[in-house]
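Peer 1: Sequence:
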Amino acid sequence: MLRAGFIGFGRMGITHFSILNTHPLVEIVAVCDQSSTMLNMLKKYVGVDSYSDYRKMISEAGLDFVVISTPTDSHSEIIRVAMDNNLHTFSEKPFALNGAEGQNTLTHLEGKALVNQVGYVNRFNEVFIEVKRLIDTEVIGEVRNFSSEMYGATVLKDSKASWRGKRNTGGGCMYEFASHCIDLVLYLLGQPDKVVGSIMQSIYSSDVEDLVSSTFVYNNGYTGTIMV
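Adding 770 to a residue's 1-based position in the sequence shown gives its number in the working numbering.
FYI, nobody ran anything at the bench for these hints, they're computed from the structure. Hints should not be assumed to be uniformly reliable.
Unchecked claim - Simulated pairs of lysine-lysine, BS3-like, Cα-Cα distance not exceeding 30 Å:
| id | residue 1 | residue 2 |
| --- | --- | --- |
| 1 | Lys826 | Lys814 |
| 2 | Lys813 | Lys826 |
| 3 | Lys863 | Lys826 |
| 4 | Lys826 | Lys902 |
Unchecked claim - Beta-carbon label-pair distances, calculated as ranges:
| id | residue 1 | residue 2 | range |
| --- | --- | --- | --- |
| 5 | Gly991 | Pro794 | 44 to 54 Å |
| 6 | Glu919 | Gly872 | 23 to 33 Å |
| 7 | Gln804 | Asn868 | 16 to 26 Å |
| 8 | Ile784 | Asn989 | 42 to 52 Å |
| 9 | Lys964 | Glu797 | 46 to 56 Å |
| 10 | Pro794 | Val897 | 18 to 28 Å |
| 11 | Asp963 | Asn868 | 33 to 43 Å |
| 12 | Asp854 | Lys964 | 32 to 42 Å |
| 13 | Thr907 | Tyr988 | 14 to 24 Å |
| 14 | Ala883 | Arg825 | 17 to 27 Å |
Every residue gets a Cβ at the ideal spot worked out from N, C-alpha and C, and that includes glycine.
Please put together the full structure from these sequences, using the hints given.
Peer 2: Next up, the structure:
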């Protein structure tokens with residue numbers, strides 16, 4: 771039986787909790803969140819230990835792994851702390867807000883015999899697994915052009931209360947949505963050789979981009995766009 775702890779218990783934390791709580795080989799023993807109301811409810815109705823300090827939870831709860839569903843700007847630090855304490859991690863995407871921070875975390879994790887997974891769930895969707903099989907076997911012919919699109923209103927609200935619409939905590943739709951599109955393209959077709967003609971606009975949001983369009987070019991002749 772693996773002992774799990776949750777760091778961050780908002781919308782995605784609750785989603786992951788509801789799924790993982792059905793796993794026969796996992797016991798959820800601790801949750802960390804900044805909401806005292808949420809922690810009190812969990813302690814009363816679910817019976818898990820509750821913490822407001824994730825470092826304390828990691829050191830005291832006797833965990834095997836943690837699920838990280840906090841605002842994006844905190845992902846890298848929590849991953850490093852968890853792995854320094856010999857814990858496997860599952861982190862909501864993306865695991866960093868810029869390339870330098872991401873590379874720093876990857877370097878920090880080198881040589882550690884631990885699993886760190888980032889929540890790009892489309893790779894495990896049966897539809898996309900079948901699409902990849904059809905592409906790889908050329909059953910549907912040769913790919914010449916593709917389009918990867920994702921839409922949502924998450925970053926459109928100009929709200930002081932939402933971290934998703936702030937550049938230094940959520941990063942906007944490039945990080946919130948485009949990262950899913952990019953990962954799916956990488957999974958299905960591999961790394962593009964060039965990215966050209968990118969357009970990033972703030973139509974409704976004040977601090978982040980809420981529309982992104984980019985063209986991917988491959989030396990083998992593939993071309994395509996992502997639009998979020």
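Peer 1: Now tell me, hint by hint, if it's right for this structure.
Peer 2: Going through the hints against the structure:
The suggested pairing of lysine 826 with lysine 814 holds, with an alpha-carbon distance near 20 Å, which does not exceed 30 Å. With a CA separation close to 17 Å, the supplied pair lysine 813 and lysine 826 stays within the 30 Å bound. A distance of roughly 24 Å separates the Cα atoms of lysine 863 and lysine 826; the hinted pair therefore holds under the 30 Å criterion. Straight-line distance between C-alpha atoms of lysine 826 and lysine 902 comes to about 43 Å, which puts the hinted pair past the 30 Å bound.
Checked against the hint of 44 to 54 Å, the pair glycine 991 and proline 794 passes, with Cβ atoms roughly 47 Å apart. For the pair glutamate 919 and glycine 872, the supplied restraint of 23 to 33 Å holds, since their beta-carbon distance comes to about 24 Å. Checking the proposed 16 to 26 Å range against glutamine 804 and asparagine 868 shows it holds: the Cβ atoms sit about 24 Å from each other. The given range of 42 to 52 Å is respected by isoleucine 784 and asparagine 989, whose C-beta atoms sit roughly 44 Å from each other.
Range check, lysine 964 to glutamate 797: about 48 Å between beta-carbon atoms, so the 46 to 56 Å window is met. For the hinted restraint 18 to 28 Å between proline 794 and valine 897, the CB-CB distance of approximately 26 Å keeps it satisfied. Remark: the range hint 33 to 43 Å for aspartate 963 to asparagine 868 is contradicted by a beta-carbon distance near 22 Å. The hinted range of 32 to 42 Å is satisfied by aspartate 854 and lysine 964, whose Cβ atoms lie roughly 38 Å apart.
Between threonine 907 and tyrosine 988 the beta carbon distance is about 19 Å. The supplied range of 14 to 24 Å therefore holds. In this structure the hint that alanine 883 and arginine 825 lie 17 to 27 Å apart at CB holds, the actual value being about 22 Å.
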